[in-house]
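The lines below spell out each chain.
Number of protein chains: 2
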Amino acid sequence: MTTIKNWQEYSYYLALHLKNKERSAFRKQFLSLHPNDQLAFIYMLNEHTRKRLYRYIAPAEFAEIFGRLEPSEQRMVVEELQPAYVQETVRAMPTDEMVDFLSGFSVTETVPYLNLLETHEAEKVKRMLGYGKHTAGALMTTEYMVAHITHTVADVLLHVREQGENAETIYYIYIVDDEEILRGVVSLRDILLEAPTTIVEAIMQDKLISVETHIDQETVLHIVRDYDLLALPVTEQGKLLGIVTVDDVMDVYYEETEEDFGELAGVSGAIDLDIGVMQATKIRLGWLLRLIVISMIPVVFIYLNPQHAYSIALAVPLIASIAGNAGIQSLTAATRVKELGNEGDFKKLVLRDSLVASLLATVSAVAVAMLAVVLEQPVWQVMLCTLLAIFLSSVIGTILPYVVKDSASASSPVIATWSDAITVVLFITLLSF
Amino acid sequence: MTTIKNWQEYSYYLALHLKNKERSAFRKQFLSLHPNDQLAFIYMLNEHTRKRLYRYIAPAEFAEIFGRLEPSEQRMVVEELQPAYVQETVRAMPTDEMVDFLSGFSVTETVPYLNLLETHEAEKVKRMLGYGKHTAGALMTTEYMVAHITHTVADVLLHVREQGENAETIYYIYIVDDEEILRGVVSLRDILLEAPTTIVEAIMQDKLISVETHIDQETVLHIVRDYDLLALPVTEQGKLLGIVTVDDVMDVYYEETEEDFGELAGVSGAIDLDIGVMQATKIRLGWLLRLIVISMIPVVFIYLNPQHAYSIALAVPLIASIAGNAGIQSLTAATRVKELGNEGDFKKLVLRDSLVASLLATVSAVAVAMLAVVLEQPVWQVMLCTLLAIFLSSVIGTILPYVVKDSASASSPVIATWSDAITVVLFITLLSF
Chain A
142 MTTIKNWQEY SYYLALHLKN KERSAFRKQF LSLHPNDQLA FIYMLNEHTR KRLYRYIAPA
202 EFAEIFGRLE PSEQRMVVEE LQPAYVQETV RAMPTDEMVD FLSGFSVTET VPYLNLLETH
262 EAEKVKRMLG YGKHTAGALM TTEYMVAHIT HTVADVLLHV REQGENAETI YYIYIVDDEE
322 ILRGVVSLRD ILLEAPTTIV EAIMQDKLIS VETHIDQETV LHIVRDYDLL ALPVTEQGKL
382 LGIVTVDDVM DVYYEETEED FGELAGVSGA IDLDIGVMQA TKIRLGWLLR LIVISMIPVV
442 FIYLNPQHAY SIALAVPLIA SIAGNAGIQS LTAATRVKEL GNEGDFKKLV LRDSLVASLL
502 ATVSAVAVAM LAVVLEQPVW QVMLCTLLAI FLSSVIGTIL PYVVKDSASA SSPVIATWSD
562 AITVVLFITL LSF
Chain B
142 MTTIKNWQEY SYYLALHLKN KERSAFRKQF LSLHPNDQLA FIYMLNEHTR KRLYRYIAPA
202 EFAEIFGRLE PSEQRMVVEE LQPAYVQETV RAMPTDEMVD FLSGFSVTET VPYLNLLETH
262 EAEKVKRMLG YGKHTAGALM TTEYMVAHIT HTVADVLLHV REQGENAETI YYIYIVDDEE
322 ILRGVVSLRD ILLEAPTTIV EAIMQDKLIS VETHIDQETV LHIVRDYDLL ALPVTEQGKL
382 LGIVTVDDVM DVYYEETEED FGELAGVSGA IDLDIGVMQA TKIRLGWLLR LIVISMIPVV
442 FIYLNPQHAY SIALAVPLIA SIAGNAGIQS LTAATRVKEL GNEGDFKKLV LRDSLVASLL
502 ATVSAVAVAM LAVVLEQPVW QVMLCTLLAI FLSSVIGTIL PYVVKDSASA SSPVIATWSD
562 AITVVLFITL LSF
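From first to last, the protein sequence lines are chains A and B. With our numbering as the guide, the letters of the first sequence map in order to residues 142 to 574. With our numbering as the guide, the letters of the second sequence map in order to residues 142 to 574.
Treat the hints as calculated values from the structure; they're not laboratory data. All values reported here derive from a predicted model rather than from experimental measurement. One thing to keep in mind: the hints can contain errors.
As the list makes no split between identical chains, a pair holds if one copy fits it or if it spans any two.
In silico DSS-like pairs for lysine-lysine, Cα to Cα no more than 27 Å straight-line [said to hold, decoys possible]:
| no. | residue 1 | residue 2 |
| --- | --- | --- |
| 1 | Lys160 | Lys348 |
| 2 | Lys489 | Lys423 |
| 3 | Lys169 | Lys348 |
| 4 | Lys546 | Lys348 |
| 5 | Lys546 | Lys380 |
| 6 | Lys489 | Lys192 |
| 7 | Lys265 | Lys169 |
| 8 | Lys160 | Lys192 |
| 9 | Lys488 | Lys265 |
| 10 | Lys380 | Lys265 |
| 11 | Lys423 | Lys488 |
| 12 | Lys162 | Lys274 |
| 13 | Lys546 | Lys423 |
| 14 | Lys488 | Lys169 |
| 15 | Lys348 | Lys162 |
| 16 | Lys274 | Lys546 |
| 17 | Lys162 | Lys192 |
| 18 | Lys267 | Lys380 |
Sequences and hints are given; from them, build the entire structure.
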């Protein structure tokens with residue numbers, strides 16, 4: 142990779158230019174970098190040189206970098222800048238990034254920014270701030286190419302040449318009618334291949350997919366992936382309002398995956414390295430304490446049956462461990478299948494994983510029973526307990542993601558803790574016969 | 142969503158046309174669908190109507206659908222088709238999909254397909270079949286737009302108009318020199334905005350990112366996401382050989398996520414619904430049995446210390462459960478951070494999560510100790526055991542993903558099982574003082 146290989150040397154000279162106050166040399170080299178690398182360079186600087194950098198580049202040039210920062214980083218950077226510089230920067234951002242930035246602010250705080258925009262633009266941003274978090278409306282950008290249904294290919298090409306600079310993508314041109322209703326789409330590829338006098342209505346794809354503003358970002362993600370789209374139009378009662386581009390969808394994918402991982406381990410919201418110690422502890426402790434309540438079931442059962450203590454001490458940790466692990470396996474498989482999911486998949490999954498659970502339970506029960514013989518423990522009870530505990534944990538693991546509303550309640554720790562409780566209750570019940 | 146809303150009605154009429162043998166009506170409506178929806182329709186058919194559908198559409202039309210099938214589905218479909226139809230279909234596929242399909246075959250089996258291609262094309266496919274699984278070389282397509290460094294903007298535009306139909310993307314045009322060395326890239330946007338007589342060398346972006354053929358697909362994914370690319374060029378010693386497009390990268394993202402999920406739960410390779418009962422059982426049982434070996438540590442310890450059975454029975458399941466859950470939380474956070482990872486993150490993560498672990502351990506130890514008072518158990522031993530077990534499990538969970546080579550050894554079941562062992566050993570050791 143060219144960029145990565147030369148990066149050390151390149152950033153060394155960049156930093157040198159900045160240190161020596163060689164403004165134009167610095168600008169030339171810095172601005173030829175991709176915003177992602179510009180940001181990587183800024184991360185290397187101390188506050189003093191960072192402030193010089195801000196002075197060397199214009200707000201409009203800084204806007205692309207600023208839009209890539211996390212909200213928490215944006216707030217830190219704002220502290221280091223003159224208010225006028227911040228406002229100019231924000232004005233130069235595409236609407237979706239502007240909305241991301243402003244969404245952390247109170248309504249009053251957004252006023253100075255909105256005042257800088259043209260009325261029409263300000264209205265648009267205000268409306269977008271009103272869309273729910275994680276919806277297509279909040280994710281969309283309003284910088285897209287649009288053409289009227291009566292336009293010719295030549296009209297559209299001219300329009301792309303004149304306005305293309307400001308659009309997020311020029312590779313799809315959306316076709317609307319007099320009421321701004323979305324009627325179709327043409328790709329730039331089509332435009333280049335067709336005769337200049339052709340009317341776009343004749344060549345546009347009119348079976349196109351769009352989403353309403355309130356649609357969840359996860360649905361947006363699935364559509365873009367399934368249909369290999371570079372952008373997806375967003376409408377309200379048929380009126381075209383914006384587009385969601387594939388690079389923003391990639392970021393959503395990343396967020397959603399992070400969420401799924403976190404929920405599966407009861408560590409939701411405590412993964413990100415930006416989260417501090419106290420915050421992470423609070424979140425994780427909340428989950429652990431909730432689980433202790435479940436753990437009290439086996440404690441009470443064992444306390445009430447001291448006569449079986451030795452068998453319990455010996456057999457329960459082993460059986461509960463296998464059952465818990467089998468449950469975690471089933472849960473993870475079910476969570477993924479549900480996440481990707483069609484309706485019919487649930488039946489198919491339950492059928493397969495119940496069979497798998499029976500087999501796992503049988504094999505494990507025989508193995509543990511053999512161990513019980515060696516350790517002179519009640520063989521039949523141990524075997525039956527192993528069989529039932531593993532089967533039940535697995536089946537609960539499979540069904541749990543489909544029945545709980547709050548998906549964080551279907552996590553590995555939850556299933557492991559329930560497995561302990563099930564094992565103890567089963568074992569003590571079996572021993573009492 | 143237009144498509145989804147009308148889908149039921151649309152597919153009803155499609156099926157009707159097919160049933161009534163209305164070939165041209167069927168073709169017209171079917172071919173206007175997106176390949177993703179064409180595939181969804183085919184899934185609804187029985188073998189008889191499916192075979193009629195194959196007859197109604199040409200191999201070249203079927204190629205786009207065929208490329209979207211999973212390898213296992215492709216093999217099933219091949220069974221239903223005439224060999225000549227299959228060969229024509231494969232010939233019409235883009236090289237990356239052709240390679241995906243053929244990579245499941247032995248060298249001899251690929252011969253009839255390769256014979257259909259022009260020598261130059263066949264050589265290319267053969268070379269691509271040689272690239273390692275999950276590398277940039279295996280992922281790339283060779284249908285891209287290329288122009289010589291001396292060409293003008295007008296030359297390139299003409300070239301796009303003539304050859305654009307066959308390229309996977311026409312939105313980036315790669316610039317090479319006489320030795321086919323990749324020298325730069327121009328976007329179609331640039332081409333449209335520049336004067337026709339401009340030489341591309343003057344306007345091309347020459348600081349561009351490319352990867353060598355052997356680079357892992359995970360790296361490809363990170364680059365495409367970080368730099369918001371629609372395509373990434375793949376080279377060998379500087380020579381341009383292909384491009385990886387963003388839609389293929391989305392599929393990789395999906396695969397990698399699935400892998401991570403599976404590994405985290407010791408259920409790797411057993412999630413997909415296409416995996417049968419026996420195969421899924423085999424994979425999962427393998428993991429469970431390996432863990433039983435670890436579980437033998439507490440069993441042996443308890444067996445050798447029967448005098449402590451009652452305390453063990455009462456305290457160990459509770460402490461081990463909390464410790465295991467804390468370990469799973471840490472493991473999940475660490476796995477994600479590593480996955481996204483910079484070098485410096487490890488230190489930052491260990492520092493933060495050790496502090497979090499200390500806090501979690503302290504709070505839990507106090508809570509469990511209070512319970513020990515109520516249940517008349519050895520308070521100090523219970524408290525110290527809880528403190529140490531939770532702290533150790535958490536720290537091991539944080540470090541594990543970074544120290545094990547085989548990432549499936551850093552799964553939730555592994556950490557939970559080790560937590561059990563640690564708790565028992567600690568508790569018995571403490572009781573013996």
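Against the structure, the hints come out as follows:
{"no.": "1", "hint": "Lys160 - Lys348", "in the structure": "between (57 Å within a copy, 24 Å between copies)"}
{"no.": "2", "hint": "Lys489 - Lys423", "in the structure": "between (39 Å within a copy, 19 Å between copies)"}
{"no.": "3", "hint": "Lys169 - Lys348", "in the structure": "between (46 Å within a copy, 13 Å between copies)"}
{"no.": "4", "hint": "Lys546 - Lys348", "in the structure": "neither (35 Å within a copy, 49 Å between copies)"}
{"no.": "5", "hint": "Lys546 - Lys380", "in the structure": "neither (33 Å within a copy, 53 Å between copies)"}
{"no.": "6", "hint": "Lys489 - Lys192", "in the structure": "between (59 Å within a copy, 25 Å between copies)"}
{"no.": "7", "hint": "Lys265 - Lys169", "in the structure": "neither (35 Å within a copy, 40 Å between copies)"}
{"no.": "8", "hint": "Lys160 - Lys192", "in the structure": "within (12 Å within a copy, 71 Å between copies)"}
{"no.": "9", "hint": "Lys488 - Lys265", "in the structure": "neither (45 Å within a copy, 44 Å between copies)"}
{"no.": "10", "hint": "Lys380 - Lys265", "in the structure": "within (14 Å within a copy, 47 Å between copies)"}
{"no.": "11", "hint": "Lys423 - Lys488", "in the structure": "between (38 Å within a copy, 21 Å between copies)"}
{"no.": "12", "hint": "Lys162 - Lys274", "in the structure": "neither (43 Å within a copy, 49 Å between copies)"}
{"no.": "13", "hint": "Lys546 - Lys423", "in the structure": "within (23 Å within a copy, 32 Å between copies)"}
{"no.": "14", "hint": "Lys488 - Lys169", "in the structure": "neither (61 Å within a copy, 35 Å between copies)"}
{"no.": "15", "hint": "Lys348 - Lys162", "in the structure": "between (56 Å within a copy, 24 Å between copies)"}
{"no.": "16", "hint": "Lys274 - Lys546", "in the structure": "within (19 Å within a copy, 39 Å between copies)"}
{"no.": "17", "hint": "Lys162 - Lys192", "in the structure": "within (12 Å within a copy, 73 Å between copies)"}
{"no.": "18", "hint": "Lys267 - Lys380", "in the structure": "within (18 Å within a copy, 49 Å between copies)"}
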